[in-house]
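Student: This is what each chain is made of:
2 protein chains.
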Amino acid sequence: MMDPLLPLCGKRLLTRSKYAPIYTPKCHRLKGHEGKCKEFPFLRELEKSHFRVAQKIKRDSIMTTGAAWKSDDAGPNRILRCVMLEDDLTLKRFGLNMAMLKPGIVAKLRDKAASYDDCVRVAIALTVKAYNMKSAPLASQKLATYFEATGFTLEPNSTFCEICRLPLDFRLFRNARRGKAEIETCHKDPRLHTPENVGFAHRECNIAQGPKTLDEFYSWIRGILQRAGRL
Amino acid sequence: MMDPLLPLCGKRLLTRSKYAPIYTPKCHRLKGHEGKCKEFPFLRELEKSHFRVAQKIKRDSIMTTGAAWKSDDAGPNRILRCVMLEDDLTLKRFGLNMAMLKPGIVAKLRDKAASYDDCVRVAIALTVKAYNMKSAPLASQKLATYFEATGFTLEPNSTFCEICRLPLDFRLFRNARRGKAEIETCHKDPRLHTPENVGFAHRECNIAQGPKTLDEFYSWIRGILQRAGRL
Chain Y
1 MMDPLLPLCG KRLLTRSKYA PIYTPKCHRL KGHEGKCKEF PFLRELEKSH FRVAQKIKRD
61 SIMTTGAAWK SDDAGPNRIL RCVMLEDDLT LKRFGLNMAM LKPGIVAKLR DKAASYDDCV
121 RVAIALTVKA YNMKSAPLAS QKLATYFEAT GFTLEPNSTF CEICRLPLDF RLFRNARRGK
181 AEIETCHKDP RLHTPENVGF AHRECNIAQG PKTLDEFYSW IRGILQRAGR L
Chain D
1 MMDPLLPLCG KRLLTRSKYA PIYTPKCHRL KGHEGKCKEF PFLRELEKSH FRVAQKIKRD
61 SIMTTGAAWK SDDAGPNRIL RCVMLEDDLT LKRFGLNMAM LKPGIVAKLR DKAASYDDCV
121 RVAIALTVKA YNMKSAPLAS QKLATYFEAT GFTLEPNSTF CEICRLPLDF RLFRNARRGK
181 AEIETCHKDP RLHTPENVGF AHRECNIAQG PKTLDEFYSW IRGILQRAGR L
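Chains Y and D are the protein sequences, given in the same order. Numbering-wise (the numbering used here), the first sequence opens with residue 1 and increments by one. Numbering-wise (the numbering used here), the second sequence opens with residue 1 and increments by one.
Don't take every hint at face value.
Same chains, same label: a pair holds when it works inside one copy or across any pair of copies.
Stated by the list, open to error - Quick list of in silico lysine to aspartate or glutamate cross-link-like pairs, EDC-like style, CA-CA up to 20 Å: (1) K188 x E204; (2) K102 x E182; (3) K108 x E34; (4) K108 x E182; (5) K212 x D189; (6) K56 x E39.
To be clear, the hints were calculated from the coordinates, so they are not data collected in a lab. If you're wondering where the values come from, they're calculated on a predicted model, not measured in any experiment.
With the sequences and hints as input, model every part of the structure.
Tutor: Given below as structure tokens:
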């Protein structure tokens, strides 16, 4: 697989984020582009047609998933994955006292750490996977060219739930229970945030997989069926 | 299976519950007992040795499981299962406006409705299952006699996770993450609250089963393994 970032502009962008000293957003338009630099040009069309889906892809790509509950030792709800690569001392300077959090929370946050570039690679991969779902909107020719240049291929109806292997329908993004979409971003290995390892899954499948790797999950449910006499 | 309540006193107890007009706790000591009536005599020993386990059995038996989040339309956190048998008009008189809740919440609450007697039958069954776990405390001879009289048998190391069929260790009750025990009460059919249908399961197994019946769950994971080429 080629590096999707190779053909991209890569110019540093200004940010008002309080993490600016340790976090540098970049332009991901094609090299030699005209006009203004943009961080997520591949999401612009989705932002117009399906704003919440675009926001979800952006959020799941560059932020850690949030704590499911709120308390002093639960840690931040969502935080930049690349910030989680920094050491405790640096984080403390940004007001994040890792020593105050429970060890389990710290481990979870550190597991979700990923470089900014990996986060952007994941964002492009997820965007293509969304367009490749059944009933997805059509990408413009310009966008199709962008994906080709970054090493991805638009191929309608080719996106499956990474866990249960059933086709995913774009319209499931709309269904939400308790504010949570029926489609979730998932990781074959929950500790790896790379394009090869990330995809979409049904919410119920993702919940069932839990913190296991997909391989561990398959072995686990195989054992269940075996002991239940259902194999 | 005999009715566990048959050999029991059954005398009505006074309650300060605001639901008193529609909820009558009873005495479940053996018929002809001496001394004071008691609602949960079979839990007294556990209350002394493992208070939280006893409380958990009582709570899971007679209350609905709580809403996982808090908002006006999320419904009550925990409520008596037998109160959920009453019609909307009656509930409104008790300050519970079902018409204000989302249809999904109402369905969930109604699914968990059960008669008071069924709740007590479940409580006895769960107590026996807890004593039958590996590393469980020993029940007194008096308590063993009580269980026999109600149709249950103490049989050490005979309690398995209802879902994955691995033996359950009593000490797992102590392990808690985010205040939630590693052992949960589970339902083979989530809509049936009867002794035959209720048991204990690992938290991760219970989460994976979700709102499915155990049969549906086994079929579902079988399909997953099939499509993933792991069968």
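Student: All hints are to be evaluated individually against the structure, with a verdict given for each.
Tutor: Outcome of the hint check:
no.: 1; hint: K188 x E204; in the structure: both (15 Å within a copy, 18 Å between copies)
no.: 2; hint: K102 x E182; in the structure: between (30 Å within a copy, 18 Å between copies)
no.: 3; hint: K108 x E34; in the structure: neither (41 Å within a copy, 55 Å between copies)
no.: 4; hint: K108 x E182; in the structure: between (23 Å within a copy, 18 Å between copies)
no.: 5; hint: K212 x D189; in the structure: within (7 Å within a copy, 26 Å between copies)
no.: 6; hint: K56 x E39; in the structure: within (15 Å within a copy, 51 Å between copies)
Comparing the model with each earlier hint shows a violation of hint 3 alone; every other hint is respected.
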